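Chains as they are written, first to last, in my numbering: chain A, 47 to 140; chain B, 80 to 652.
Check the hints yourself; a few may be wrong.
Unchecked claim - The calculated label-pair distances, taken between Cβ atoms and stated as ranges, are:
| no. | chain 1 | residue 1 | chain 2 | residue 2 | range |
| --- | --- | --- | --- | --- | --- |
| 1 | A | M103 | B | I459 | 44 to 54 angstroms |
| 2 | A | V127 | B | R571 | 52 to 62 angstroms |
| 3 | B | A306 | A | R137 | 23 to 33 angstroms |
| 4 | A | V127 | B | M147 | 16 to 26 angstroms |
| 5 | B | L455 | A | C72 | 19 to 29 angstroms |
| 6 | A | L111 | B | A306 | 31 to 41 angstroms |
Calculated directly from the structure, the hints in this document are not laboratory data. Since the model is a prediction, treat every value here as computed from it, not as a measurement. Beta carbons: idealized from backbone N, C-alpha and C, even for Gly.
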Amino acid sequence: MPERIVTVNVYAKILAVLLILTATTCAVSYIDMGRMNLVVMVLIACAKASLVALIFMHLRYSRHLMSIVAVGALFWLGILVALTLGDYLTRGWQ
Amino acid sequence: MGAVTTKTEEVQENYLNAEYGWKSWLFTTDHKRIGLLYLVSITLFFFLGGLFALLIRLDLLTPPGDMMSSEAYNKMFSMHGIIMVFFFLIPSIPAVLGNFVIPMMIGARDVAFPRLNLLSWYLFNIGGLCMLYAVVNGGVDTGWTFYPPYSSNFSNTNVAMAVTAIFIAGFSSIVTGLNFIITIHTMRAPGMTWFRLPLFIWSLYATSLIQVLGTPILAISLALVAAERLLHLGVFDPAYGGDPVLFQHIFWFYSHPAVYIMVLPSMGVVSELIPTFARKIIYGYKVVAAASVAIAIFSFLVWGHHMFVSGQSIFIGMVFSLLSYAVAIPSAVKVFNWTATLYKSSVSFQTPMLYAFGFIGLFTIGGLTGLFVAALGVNIHVTDTYFIIAHFHYIMVGGAVMGYLGGIHYWWPKISGRMYPEIWGKLAALTIFVGFNLTFFPQFILGYLGMPRRYHAYPPEFEMLNVLSTAGASILGVGYILPLIYLAWSMRYGEKAGPNPWFATGLEWRTPSPPPKKNFLETPVVTWEAYDISGQPDLVERLHNEDRIYKSALQAEERKREELGVETPAEGA
C-alpha cells in the first residue's frame, strides 16, 4: 500500500489546533467548575491525543490493521484501569 | 572415490564462515548470529544468577543461617531473582531460539527489521551492564518485585540503578516482540498459511503480544518507583499521598503475563519436539495454536492472585481467583493434546524428547499447585512460604528451562552443523531432572509446614528437608554445567549433522546445517500441512531407507545368531 503524502499545510493546521487546545487547558484551570474541571481537562487531552495519533502518526491514512492495533493497546490499558478500580471501588464491599 | 570424498568434505559457505572477525559479529544484522550473541549474553547471566542461588542454598544448609548476614541474604535472593527473571528467562527462548529459527521456520531470509534486532541485543547488554554495576556497587535488597516500601523509603541499596537496568532491558524485549509479530505477519513463504505455521511460531507470536502489550507497563511502574525515590513524587508512598498497593497492581499487570513470556515459548518447543520424536502429527493442531493465544489473553486478567493478602478488596480477590482458574484451561488443553499425540506413536527417546517429557511432568505439577494457590483460602495459608517458591520454580525451571534446554539440543545440529554427544545429552537431562526434583520437591513440604520465604534462619525441625534441597541444587548445578562443556566440545569434534538429523518436517530442516547466510538457497514453497511428513516425499523416502538399513541390520544379527546356534528370543518376551 503506497504511503500517502500529507502536506505540510495539514500538519501546520493540526499544530495550531493542538496549541489552541493547550491554551484552552490553561485557561480552564483558572475557572473553578468543581469536579467538571477534571472532566474538561481529560476530554481536551483525549482530543489532542487523538489528533496526534490520527494525523501525525498517520493512523487515519493506514490500513485498518493499524487501527485495530491502536484500539487493542487502548483496550489493554482499559483492562489495567478497570480491574485496578475493581479493587479500589469495592474495598468496602462485604 | 577420491573425488567423491573431496566433494563431501568441501565446506559450504554458511552463516558462521561467511565472514570472520569481531566486527562481523558485533555489527551483524543476521538473525542467526544475533541469536548466538544473545546465547552468549544470557548464558553469562544464567551462571551469575545460578551463583547467587548456590550461595542461598549453602546458607540454608544449617538452621541458624550462619554463612552470611540477613542483609547479605536479602541481597542474594533479590539479585538471584532479578537476574534470572529479567536477564535470563525472559530473553531465553524468544531471543536465542526465536531469533535463530523463526525466519527459517516461516521460510524468510531474515526478520522484518534486522537492524532493530541488533539494537535489541545492545539494549539488553546496556541493561545488563547497569545491572552488573548495581551488583558490584553493593547490590539490591528489595526482592525481585521491588515492592514499596522496600524499594522506597526503606531501602538504601542500588534500587534506582537496578530499575534503570530493567527499564532498558525491557525495551530490548519490546523490540524483539515487535519484530517477531511483524515478521510472522508479513514474511511467510508462499504456501505458509497461518494454519500451516509450526506451533512454535504460534507460541512465540502469543509471547510477542505479551511483550509488546505488557512490558511498557513494567517500564512505567519502575519509572514511577525511580521518580518517587529521586523526585519524591507521591505515587506509592502514603507519606506523599500515594498507595503501595497501587504498585503491586501495576507491577503484576506485567509480571504475571511475564510468567507466560517464560513458559509459552517452552510450550512451543515441546509442541515441536513431540511430533518430531513421536513421528506423528500433533493431536488437535488448531486447538493447541488457539490455546497459546488464549493463554496470552487470559494472562492479563489474573494478576490480582499475587495480591490476595495485600489488602485488596475481597470482591476483586474472588474475581481474580475465578479468572486464575480460567487460565488453567488452555494450559491443560495443551498437556492433554501432547499426551494424546503420544498415543500409539513411535517414540524415540533422544535427548530433546527427554526434556519434553520432563517439561510435561514438571509443568503439570507446577500448574496443578498453581490451582492450590489460586484458591483464596489455601493461598492465605501458603502465601510467602516455600510452597510458593516450589510452585513457581516448577513452572520457571521445570517448565521454562527444561523447554529451553530441549530446544537448544533440538536445534543444536542446525545452529552448529554438528551433533552433540547423545549419551552425555541423556545423562545431563537425567541429572537435571533428578537434581531439580530433589531441590524443589522438599520445598513444597517445607512451605506447607510453614517455612516462610526470604528468611535465612529457620527452626531445626526443617533442617533435613533443607539439606535435601541443597543436595539437589548441587546435582542440578552439575547438570547445567554438563551441556555447556559437551556443546562447546561438539562445535569442533561433534559428528556432522546433515540438514535434517531428526527427520523433522519444519522448513528450517530443509536447508543445510549450518544454514547459508540468507537461510535458503531458493525460496521454499509450502504445500504440506504442519507436521505432515507425507507431504514431503523426499523425507518419507529417507525414512524408508533408514528403516530398510535398520531391518537389514536386524536380519544380519538374526543370521549370526543362527550360525552361532543361539536361540532367538521369543517375540513379546
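May I ask you to test the hint 31 to 41 angstroms on the CB atoms belonging to A/L111 and B/A306?
For A/L111 and B/A306 the Cβ distance comes to about 35 angstroms; the hint holds.
Evaluate the given range 19 to 29 angstroms for the C-beta pair formed by B/L455 and A/C72.
Given a distance of about 48 angstroms, which is not inside 19 to 29 angstroms, the answer is violated.
If you check the beta carbons of A/V127 and B/M147, does the distance land in 16 to 26 angstroms?
violated, 43 angstroms
That 23 to 33 angstroms hint for B/A306 and A/R137 (C-beta), does it hold up?
holds, 26 angstroms
Lying within 44 to 54 angstroms: is that true of the beta-carbon distance A/M103 to B/I459?
holds, 47 angstroms
Whether the CB-CB distance between A/V127 and B/R571 falls inside 52 to 62 angstroms
holds, 56 angstroms
The structure fails to meet hints 4, 5 from the earlier list, while all remaining hints are met.
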